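Please arrange chains B, L and X on chain H, whose structure you already have, making use of the hints.
Chains as they are written, first to last, in our numbering: chain H, 23 to 431; chain B, 23 to 431; chain L, 23 to 431; chain X, 23 to 431.
These are computed hints drawn from the structure, not numbers from a lab.
It should be emphasised that the depicted structure is a prediction, and the values quoted were computed from it without experimental measurement.
One should not assume that every hint holds.
All copies of an identical chain are treated as equivalent in the list; a pair is satisfied when it fits inside any one copy or across any two copies.
Stated by the list, open to error - The list that follows gives simulated cross-link-like pairs (lysine-lysine, DSS-like), each with its CA atoms no further than 27 Å apart:
1) K28 to K81
2) K29 to K406
3) K406 to K45
4) K195 to K253
5) K195 to K279
6) K181 to K431
7) K28 to K431
8) K359 to K431
9) K126 to K45
10) K81 to K126
11) K371 to K279
12) K253 to K29
Protein chains: 4
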Amino acid sequence: MMSAPKKVVLAYSGGLDTSIILKWLQTEYGCEVVTFTADLGQGEELEPARQKAELLGIKPENIFIEDVREEFVRDFVFPMFRANALYEGLYLLGTSIARPLISKRLIEIAAETGADAVAHGATGKGNDQVRFELSAYALNPDIKVIAPWREWDLSSRTKLLEFAEQNQIPIAKDKRGEAPFSVDANLLHTSSEGKVLEDPAQEAPDYVYQRTVHPEDAPNTPEYVEIGFEKGDAVSINGEALSPATVLTKLNELGGKHGIGRLDLVEGRFVGMKSRGIYETPGGTILLEAHRGIEQITMDRGAGHLKDQLMPQYAELIYNGFWYSPEREMLQALIDKSQEHVTGTVRLKLYKGLARTVGRWSDHSLYSEAHVTFEDDAGAYDQKDAAGFIQLNALRLKLIAARNRRLSK
Amino acid sequence: MMSAPKKVVLAYSGGLDTSIILKWLQTEYGCEVVTFTADLGQGEELEPARQKAELLGIKPENIFIEDVREEFVRDFVFPMFRANALYEGLYLLGTSIARPLISKRLIEIAAETGADAVAHGATGKGNDQVRFELSAYALNPDIKVIAPWREWDLSSRTKLLEFAEQNQIPIAKDKRGEAPFSVDANLLHTSSEGKVLEDPAQEAPDYVYQRTVHPEDAPNTPEYVEIGFEKGDAVSINGEALSPATVLTKLNELGGKHGIGRLDLVEGRFVGMKSRGIYETPGGTILLEAHRGIEQITMDRGAGHLKDQLMPQYAELIYNGFWYSPEREMLQALIDKSQEHVTGTVRLKLYKGLARTVGRWSDHSLYSEAHVTFEDDAGAYDQKDAAGFIQLNALRLKLIAARNRRLSK
Amino acid sequence: MMSAPKKVVLAYSGGLDTSIILKWLQTEYGCEVVTFTADLGQGEELEPARQKAELLGIKPENIFIEDVREEFVRDFVFPMFRANALYEGLYLLGTSIARPLISKRLIEIAAETGADAVAHGATGKGNDQVRFELSAYALNPDIKVIAPWREWDLSSRTKLLEFAEQNQIPIAKDKRGEAPFSVDANLLHTSSEGKVLEDPAQEAPDYVYQRTVHPEDAPNTPEYVEIGFEKGDAVSINGEALSPATVLTKLNELGGKHGIGRLDLVEGRFVGMKSRGIYETPGGTILLEAHRGIEQITMDRGAGHLKDQLMPQYAELIYNGFWYSPEREMLQALIDKSQEHVTGTVRLKLYKGLARTVGRWSDHSLYSEAHVTFEDDAGAYDQKDAAGFIQLNALRLKLIAARNRRLSK
Amino acid sequence: MMSAPKKVVLAYSGGLDTSIILKWLQTEYGCEVVTFTADLGQGEELEPARQKAELLGIKPENIFIEDVREEFVRDFVFPMFRANALYEGLYLLGTSIARPLISKRLIEIAAETGADAVAHGATGKGNDQVRFELSAYALNPDIKVIAPWREWDLSSRTKLLEFAEQNQIPIAKDKRGEAPFSVDANLLHTSSEGKVLEDPAQEAPDYVYQRTVHPEDAPNTPEYVEIGFEKGDAVSINGEALSPATVLTKLNELGGKHGIGRLDLVEGRFVGMKSRGIYETPGGTILLEAHRGIEQITMDRGAGHLKDQLMPQYAELIYNGFWYSPEREMLQALIDKSQEHVTGTVRLKLYKGLARTVGRWSDHSLYSEAHVTFEDDAGAYDQKDAAGFIQLNALRLKLIAARNRRLSK
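Chain H on its own, in the form it takes in the complex (with noise of 0.2 Å):
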C-alpha cells in the first residue's frame, strides 16, 4: 500500500467539489496542500479560486494560477487536429486532451514545491482519471495519486454538504440542488453529461447546450471565413495573423455564432461502459473541416491514406490517457512529418450548424489542373497508360478467376 503523501498539489477548479476534496486532503491525510488552477479557457474567473484556497488554509506560496491557453492550443489542440483526430467516428476529443497538459503542470509543481504526491477530482467511473493518472505516472513513476471520489464514503450529494458545512466550507446557493446534468469546458468544447442526458433516446433539452446557439436561431445569412495553415497548424484567419490560442477563440465565436459543432454521442469509455455525452466544439468543427480542406490540396494520397488509417488508433491513444506514451509519441512523428507542407488557406461557409469547405488554394499544392482537366492536357498525361497500369492490377485477379474457374470444372 501506498504511503500517506506529505505534501499533494491539488487539481483545484476554486468549486465546491475541489473545496471539499481540498479539505478532505487536509483532515483525511493531515498533509500540506498546493493547490494548481489553469485557465484553459473554460471561461470562468480564476481569481475566485485564489481567494477561496486562501480562505481554506493555503498558504500564498503554495497557490498556482495560470493561464495556459496558449501552450494547451499550441502543444495539444493543434497537434492533435493535425490528425483529424476523432475518437468513434464522431468526437473531437475535447475533454481528453486537456488532461495530460494538466497532469504535466502538476508534476511539475510537485517538482518546485517538494510535493510527493498529487491529487484531481474526477470519479471512478469516469475516463478521466485514467487520463490524469497515467500522465502522472509517465512524467514521474515515483509520485503518489490520490483520487479522492474513489476513496472516500461521501457517496452522496447530501453528505458532501454535510462535509461541506461541517468544514466551513461555503456553499454558493445554486449548489444546493444538484445540477440536471455535469459539465466540463476549455477553450476547445464543452461537454454535458449525467442525469437528464442519461436516457439515450431521449433528445437533450435545449437548455443543455451553453456555447452554441441553436441552428434555428443563428443568422439567415451564411458568413465566409478564410482560415491559413503553415505546416498544418492554423496560423491566420480572413488574412490576420493570430496565436493558436487566438485562433481557436475566434473560430468559437464563429462556430457558436452559427449553432456550429453540436455532438450529441454514445461512446465507449476505456473503463468498460457506454456514456452518452452532448458535446459543443464550435471552433474544432470548423477546424477539422477545414484541415482536411487544405490537406485535400497539399497531401498525397499515399500519405493521406496511411494517416486516415492510423487516426482512429491515434484517438483512441488520446481518448484512453495514453498522451504521455510511446506510441503516441510515435503517430505524433509520423503525422507531423506528414504536415510540411500542409500549407495554404481554406475558404468555409458557416451557416445554421455547418461549417463546409468551398475553396482551397496553396503554393504547396499538389493539384494539377494540366493533368486532370477534360480539355487537351498538352500531353501532361498519356491515356494509353492507363491500360497497362490496369492489366498489371488485374494480373492478380485474374489469376483468382483462372483459378476458380479451373476448379469449379
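Just chains B, L and X now, kept in the frame of chain H:
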C-alpha cells in the same frame, strides 16, 4: 496484343457519347454490339435508349434494359454502409459503388449472348475505367475489354460531333455546345466535375447542384425522422417497413428537401492525380449518420474500433475498383460479423443541410444506465476497481519513466 | 463486493498447488468444490488427479476429467494457425490459446452442476489470470471468479507447505524444495519461466528444455516431411490423413527429435511488466512454416498482405485473453474467409533445429509458370503494360517532386 | 510520347547484358552514354567494368565507378532493419533495398553530367523496373527512363548474342550457354530465380546456393557472437566497434560459415504474378534476430506492438519500390522515434543454419526483475491491482454476454 472482338456488350446510356461508341465499335471492329442499359436510379427514362439502340441497328434480342435498383442498394450500397465507409474522410463513394454492379451484368450478359468482349465509356484519366475493368477481369479472366476513349482519335468535341454527323447519330440540340461540367448519377448520389469546377479555389456555382436544395432555401422548420435497422441495414422509416431501394429513395427525398449531403472535395485518384468533385448524397448522408447512431448503442467498443481502423482501407478498395477482390471480401466478412446486433431505431433531426442523431434505442443495446449513472448504481460498478486498472495500465509507462530518469542521471 | 460463492468449479491439475487451493476454497469459503481436470496434451496421467480429488473429499459426481485434445487443436490451435499468429514477432502463443478452452469448460460445468463460481490457480502477476477470467466473464457475466493467489496470505513456499501439512494434503518428495523454474505444458508447447531464468542476459541452462533435443544432439541426417492442408488446416502427414490432435502429436514427435521450436524470449505482459520465457513448440513451429508455405502458392497477394497486417493485433488479442471478444471473432471471420483455397501440400526439410519449406504444390495454386517464366511466355504477359503501370504509380511522386522543386526555387 | 534522349546514364554492371544495352542505346537513340557501376558488395571487381565501358567507346569522364557499400548499409539497410521488415513474413528485401540507392546515384550523376535520361537493365516482368523507375521519377520528375528490355526485340538469348557479335561486344565463354538461373547480389543478400527454379514443388538444387554453406556442412560446434546496438543499429561485434558495412560483412562471414539465412520463397510480385526465389541473407538473418533480441528488453510493449502492426505495410512499400514516397518517410519517422533507446548487447548462438538469441542486456533495459520475480517483490507490484484491471477489461464483455442472454430468452 488482344485479338479483334467478335461480339461486344456495351454499357449503353442512350446518350450521345455512348451512341458514338456504339457506332465506333461497329465500324472500327466490325463486331456485333449488345447494349446494356441499367436503371440505377439515375433518374432518366430508359425506353429512349432502346429506341436509339434500335435506330443504330442493334437487334432487339441484343438490347438489355434493366431496373437494378434493388440489387444495387441491397448488395452494394448497404454492405458498404455497414462499414461507415468514407474515402479520404468525406466521400461516400457514390460513383465507385455502382461500377462493379454494371460490370457484373456486362459479364453475365456476355455469357448469355456469347459475347467475347465488353466496352464502357469511361475516359483514360479517371477511376471508372479501372473500376469497370478490374471487376470485369475478376469475373471473367478471358474477357476482352474495350475502352474507346483510350483508343480512338476523337480527341475533341468537334471531332466527336463530326463523327456523329457522319454516322447519322442524332444529336440533341443542347449537346451541340459543351456541357459546363460532367455529371454521374445513381440512386446513391450525383457527382459533378470538370470544366467550371476545375479551379478548386473557386466556390462551385449554385447551378451545379441538382439533387439538393440550397440549405438557405430549405424549410425553416426542422423535421424529425426515425430509421429502423436490422443487422446493420436500414429497413424502415418512421415505422414503415421498406425495401432497400425504397428506403434510399425516401431518404433522398428527405435529404434533398433539407439541403443535406453536399460535398465539395478534392480527392486523390487511383490513377495518380488529384481531382475536384461536387457530390450530392442526400439519403446516404442521413444513412451514415443514422448507422453510426445505432452502432453507438449496439456495437461493442472493441468491435467498433477495429471497424473504424479498417474502414479507410475498405473505402480505398472500393474507390480503387477492387470490389471483387479477396481482400474486400475478407473485410466484408469482418464487417458483416460485426453487424449481427446492429438492430434498433435512430431518431434524427434534419435541418438546413444537417442531419443529426438526437436519440437511439434498441433491444440489442449495450448501454447500461445502471453502470454509467451519476446516481447510486446499486453495486453494478465498484469504483475501486479503477485503481487497479490504472495501476496496471500505468506500469509500463512507469518503467519507461524510471529508465529514462536513471539514464539522465 | 462479491457475495460468498456456494459452489465453485476449480481448474484442478492434481498437483500440490491446486490441491492447496481446493482445500483453501473449502475452508475459506465453506463451499462445495467441483474439480475439472483436462487432458490438453500436457503429458501427464489424469487418473491420479481423480484419486487426489476424492482424497480431498470431492464427491465423485463433482469430479470432471476429460480428454479435450481434439477440441483444443480443432477449435483453438488450428484457427489461430490460420492467421500465422506470432506475438511480438516470435511467440506461438502456446499457453495463451489453451486458457479459453479451460474457461469454457469451467463455465459449462458450472452450468451443469449449478455452481455459481469458478476458480483457477494463476497468480496475480501473470497473463493467465486475465485470460481465464476474461473468458469466464464473456461466457457468463454473472459468474464469480476466485483467484486464490490474489487473495490469500500464503505468500511463501514455507507457508504453502505448512498449509498443506495442516490439511493433510500429500506432498510429493520432490515438491519439498522449490522447483528451479515454473512449467506450463499442453499439446502445442511447453513454457518455462522464473527463478533460474529471471536474468535475461544469461543463457537458459540445458536442463530447462524438456520437449526438444538439443540441436547438437539431433540426427545428423535431415528428414523430409510432407504436410497436407485443407482450407488452412493440416489434415495429413506424408499422405496419411490424421485428426487435428494426431497431426499435432506427430509433428511434435518430428520437431522434438530434430530440436525444432526452441525460443528464448523476453515479452511484454498484458499486466505491464516484461518477463522472460523459454518456449518449446516443436510441432507448431513446423506447422507455421508449412502453413506459410502452402499460402505462398494458394493465397492471393492482396489477401495475404491484409492478413499479415492484422496478424499482430490478432495475436495480441489472444495473448491478452480476448479470445471470446467480438473483435477476435471479427478477425477470425476475415481470416477464415482467406483460407478457402489454402489447400495443398508442403514439403519441408527438418534438420538440427530448423524446419524449412523446400517445395509446395496444389490444385488451388495461383502460381503461373506461364506468366513468370524467363522463357517465351506465349503472350501471357505483355511487358509493355509495365510502362503504363509504372507511369501511373509514379504520377503522384512526380507531382510531389515537381512541387518541391518549384518551392525550392 | 517521350522525346528522344540526348544523354543517358546507364546502370552498368560490366556484364554482357548491360554491355548490350549500352551499345543498343548508342545505336537506337544515337545518344551519349554515361555509365554508373556501383560496388554494393556484390563481390565482383569493378575495374573490368571500366575497361569494357572504354572499349565500348565511353569517354573516361563519363565512367562513374563507386564504392557505395557504407552508404548502402547506413542509409538503406539499417533504417529498414530498425523496422524488422519482412515481406510476406519471410523475405528480408535484399534486392528491393538496393534499387533506390542506385536510382539516387543515377539521378545525381545525370544532374552532374547534364544527362536527360537514365537506363537500367531490368526486365518488364519483374519488380526491379518499378523500383528503379519510381525512385528515379520521385527524385527528378522530368527525367526520362529507358528500359530496353521493354522496348527492344531482342527477345531470345540467340538474338542477344547475335547483337553482341554484330557489335563487337566481347562474350565470355561461359555466357554462350544460358545460365541455369538468374542471380542478383549485394552486401545484404544473393537471390536466385528462374529456369531450374521455376517449379515451386521441386527443391532447389544444391548448386544454387552461393553464399552460405549447406547446414549439413557447417561446423559441428556452435559459435557465440555478441552484437552491440545503438539506437537500433548494430555498431559492434564481440565488443569491437565497426562501421555499418563492416558489421554486415562480418555477420555475412559468420552466417555463411554456419549455413544461416537460406530461404525458399514463392512471393507475390507487385506486377501481379507469383514468382519463386531462393534467397541467401546470412548476415541479415542474424541481424534481424539480434535486433528483435535487443528490442525485447529496451522497447516498450505499446511501441513494439505498433511497430509490428505497421511493419508489413512498410515492407510492402520497400518491396514495391516506394522508398522515396511520403508514406515510407512517415513510417520511417515513426520507426526511428521508437529506436531511441534500442541500445545494448545481444548474445546469439549460431549453429547449422540457426541463429538464436540466448541473452541480452542493456543500460536502457525496461525489464524489471523486481516486478516479475516469483520471489518476494518487496511491494513493487500489488497483485490485488490485477483484480480491478481484469474487472474493467471484462466489463464490456460482460455487457455483451448479458445482452445476448437477455435476447435469447
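Non-conforming hints, listed in increasing numerical order: Violated hints (numbers, rising): 4, 5, 6 and 12; every other hint is consistent with the structure.
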